[in-house]
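Between the sequences and the hints, there should be enough to build the whole structure, so can you do that?
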Amino acid sequence: MAEELIEIRWHARGGQGAVTAAKTLAEMSLTKDMFFQAFPEYGPERMGAPIQCFNRLSENKISTYCGITNPAIVVVVDPTLLEVVDISTGLAADGTLIINTPKNPSEIRSKINLNGRKIYTVDATHISLEALGRFMPNIPMLGALLKATGLLTKEEAVDFLRNNFGKKFPSKVVESNVVAMERAFEEVETE
Amino acid sequence: MVVTKNTVALIGTDAVAEAMRQINPDVVAAYPITPQTAIVETFSQMAADGIVKTNFVAVESEHSAMSAAIGAAAAGGRVMTCTSSQGLGFMWELLYIASGLRLPIVMPNVNRALSAPINIHCDHSDSMGARDSGWIQLFSENAQEAYDNTLQATRIAEHPDILLPVMVQLDGFIISHAVDRLELIHDDIAREFVGELHPAYSLLNSSKPASVGNFDSLYGYFFEFKQQQEEGMRNALQVIQEVGKEFGKATGRSYGLFEPVGMDDAEIAIIALGSACGTVRSEIECMREAGIPIGMIKLRSFRPFPAAELVRVLEGVKVVAVMDRSDSFAGGMGGPVFMELRSALYDMPNKPQVINYIYGLGGRDLSIELTQKVINDLEEIAGGKEVQQKVNYLGLREGEE
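Going line by line, the protein sequences match chains A and B. Residues in the first sequence are numbered from 0 upward in steps of one, following numbering that gives the first Met the number 0. Residues in the second sequence are numbered from 0 upward in steps of one, following numbering that gives the first Met the number 0.
If you are wondering where the hints come from, they were derived from the structure by calculation, not from laboratory data. Keep in mind that the hints are not guaranteed to be accurate.
[Unchecked claim] The calculated lysine-lysine pairs, modelled on DSS-like cross-linking and capped at a C-alpha distance of 27 Å, are:
#, chain 1, residue 1, chain 2, residue 2
1, A, Lys166, B, Lys4
2, A, Lys102, A, Lys117
3, A, Lys153, A, Lys102
4, B, Lys350, B, Lys389
5, B, Lys207, B, Lys225
6, B, Lys372, B, Lys384
7, A, Lys60, B, Lys248
8, B, Lys52, A, Lys167
9, A, Lys60, B, Lys244
10, B, Lys372, B, Lys350
11, A, Lys60, A, Lys171
12, B, Lys372, A, Lys153
13, B, Lys248, B, Lys225
14, B, Lys317, B, Lys384
15, B, Lys52, A, Lys166
16, B, Lys4, A, Lys60
17, B, Lys384, A, Lys60
18, A, Lys167, B, Lys248
19, A, Lys31, B, Lys4
[Stated by the list, open to error] Pairwise CB distance ranges, derived in the manner of DEER restraints:
#, chain 1, residue 1, chain 2, residue 2, range
20, B, Leu395, A, Pro49, 23 to 33 Å
21, A, Pro49, B, Ala115, 23 to 33 Å
22, A, Glu40, B, Cys285, 45 to 55 Å
23, A, Arg161, B, Thr3, 16 to 26 Å
24, B, Cys285, A, Pro49, 26 to 36 Å
[What the hints assert, rightly or not] A short list of chain B residues far from chain A (calculated; beta carbon distances all over 10 Å):
#, residue
25, Ala177
26, Ala275
27, Asn349
28, Gly382
All C-beta atoms in this analysis are idealised placements derived from N, C-alpha and C, irrespective of residue type, glycine included.
In structure tokens:
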């Protein structure tokens with residue numbers, strides 16, 4: 000993937016780890032010798048308020064530093080945002096939507112007008128509650144994105160978590176994130 | 000490009016902190032302010048962990064930060080600080096003392112708008128206000144350049160023909176808080192490049208006593224001091240290029256006073272500072288593929304202002320758009336880069352038309368559409384259309400854009 004520039008927009012609420020997920024995606028793409036950006040939209044964010052953050056990924060050097068208005072991929076980390084913000088704004092006509100929801104893609108399609116865009120769903124809330132014991136959907140959503148794009152295999156993603164998170168977090172935390180990542184790879188659904 | 004151990008994913012502020020770690024200054028006195036805070040956090044952690052030998056002075060304000068930096072530099076130390084926006088404003092009177100005492104302090108400044116209204120986002124009004132304070136100012140397009148410029152700034156500031164403080168500018172949030180890919184230099188190469196500081200005079204050198212910061216008496220040498228500061232600034236035009244070349248030999252990334260892109264045969268051109276150059280560059284590449292003779296000048300050194308060199312590179316150009324991320328509030332004279340470029344071109348026989356776009360104040364995005372609008376305007380003017388308005392506000396919410 001990513002011969003062309005790929006732009007990604009993440010929708011989440013403050014405190015759900017979306018910024019960390021976007022940064023982790025940037026670091027992961029470095030292992031594939033890609034070029035990348037990860038940046039949040041800075042404003043008066045509070046815990047629980049809707050936020051956005053962004054990625055650019057490419058096999059070539061990236062020199063645009065403006066905001067992203069027409070992403071190819073939109074990731075919705077918090078299912079309640081579907082009723083709060085227009086998550087498909089600017090999404091490319093052949094774009095991809097990856098949503099944290101217990102519903103399947105056709106149920107989502109019947110609710111939102113998405114025309115020809117691809118839909119992936121994963122119940123990241125449920126996965127994180129079981130794997131981590133708390134609501135932290137960022138790593139399973141990152142897993143779903145990796146699966147949908149084919150950027151990293153499940154094994155590569157797990158290796159990355161162990162190599163990089165292993166330096167910062169106790170092994171119990173790392174391993175529960177590994178489980179969350181693996182389950183997202185396995186449970187993500189598309190039409 | 001090959002991913003090596005030195006290819007990293009860092010936000011701009013961490014890239015700067017990494018350069019500071021390699022420079023390993025004797026003293027860093029700094030106070031946190033958004034969006035520079037991350038530099039202070041990361042570097043003070045390095046100092047606390049003993050990764051650097053730096054004496055980190057946790058001061059109570061930016062006024063104190065620059066005061067402490069001046070004292071430590073006068074004592075003979077290699078000294079750094081860093082700031083943004085209101086913090087730079089609060090250092091104001093000390094900026095002139097640092098340059099007047101010829102102290103080679105290096106200060107990354109994460110460009111942010113000045114209040115009011117309160118705004119934490121990027122524009123260049125903070126450092127533009129300090130343009131006459133006798134500091135060298137280098138601008139960075141991305142995290143790589145912020146890192147590279149910080150390393151080079153030490154060499155430039157401490158050069159015996161210069162001895163002036165240097166500000167390294169990077170765009171707040173756009174660069175400071177975005178994860179970017181960059182190449183770090185091996186510690187040994189970085190340290191060899193930066194070298195050691197051997198000040199000719201210092202307060203702690205008892206074998207060569209000197210006094211610093213004296214009253215100049217009523218009829219002293221103040222005037223001569225100031226003229227010598229200007230001489231140091233002129234010398235910097237040469238030294239910035241020499242250091243940039245030497246850096247290129249060590250790293251493969253050379254630097255000059257500015258980077259010309261496609262200027263050899265350009266008929267229209269855009270001149271800009273900082274991260275805007277990235278967005279402009281990508282548009283220019285598209286236009287070039289469509290056969291449009293357009294070029295860009297990425298101004299790296301704003302102080303000293305490379306007037307003669309810019310005149311040379313603009314020969315044969317019909318129209319130039321100057322992008323200013325700050326305003327001078329001069330009643331129609333435009334932004335600072337515009338004014339200075341027009342002044343530089345005054346004696347040129349066949350000078351290009353020059354128009355000004357003030358953009359991006361308080362973090363307003365310079366989108367691809369706005370960049371294209373500038374290029375369209377330039378094409379029309381080069382094609383014979385009369386300039387409607389010399390100074391334009393690009394991307395305003397209301398009124399004429």
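Evaluation of the provided hints:
no. : hint                            : result
1   : A:Lys166 to B:Lys4              : holds, 16 Å
2   : A:Lys102 to A:Lys117            : holds, 15 Å
3   : A:Lys153 to A:Lys102            : holds, 23 Å
4   : B:Lys350 to B:Lys389            : holds, 15 Å
5   : B:Lys207 to B:Lys225            : holds, 24 Å
6   : B:Lys372 to B:Lys384            : holds, 15 Å
7   : A:Lys60 to B:Lys248             : holds, 22 Å
8   : B:Lys52 to A:Lys167             : holds, 24 Å
9   : A:Lys60 to B:Lys244             : holds, 23 Å
10  : B:Lys372 to B:Lys350            : holds, 23 Å
11  : A:Lys60 to A:Lys171             : violated, 37 Å
12  : B:Lys372 to A:Lys153            : violated, 44 Å
13  : B:Lys248 to B:Lys225            : violated, 35 Å
14  : B:Lys317 to B:Lys384            : holds, 12 Å
15  : B:Lys52 to A:Lys166             : holds, 24 Å
16  : B:Lys4 to A:Lys60               : holds, 18 Å
17  : B:Lys384 to A:Lys60             : violated, 36 Å
18  : A:Lys167 to B:Lys248            : violated, 36 Å
19  : A:Lys31 to B:Lys4               : holds, 14 Å
20  : B:Leu395 to A:Pro49: 23 to 33 Å : holds, 26 Å
21  : A:Pro49 to B:Ala115: 23 to 33 Å : holds, 27 Å
22  : A:Glu40 to B:Cys285: 45 to 55 Å : violated, 26 Å
23  : A:Arg161 to B:Thr3: 16 to 26 Å  : holds, 22 Å
24  : B:Cys285 to A:Pro49: 26 to 36 Å : holds, 33 Å
25  : Ala177                          : violated, 4 Å
26  : Ala275                          : violated, 7 Å
27  : Asn349                          : holds, 32 Å
28  : Gly382                          : holds, 27 Å
When each numbered hint is compared with the structure, violations occur for hints 11, 12, 13, 17, 18, 22, 25, 26.
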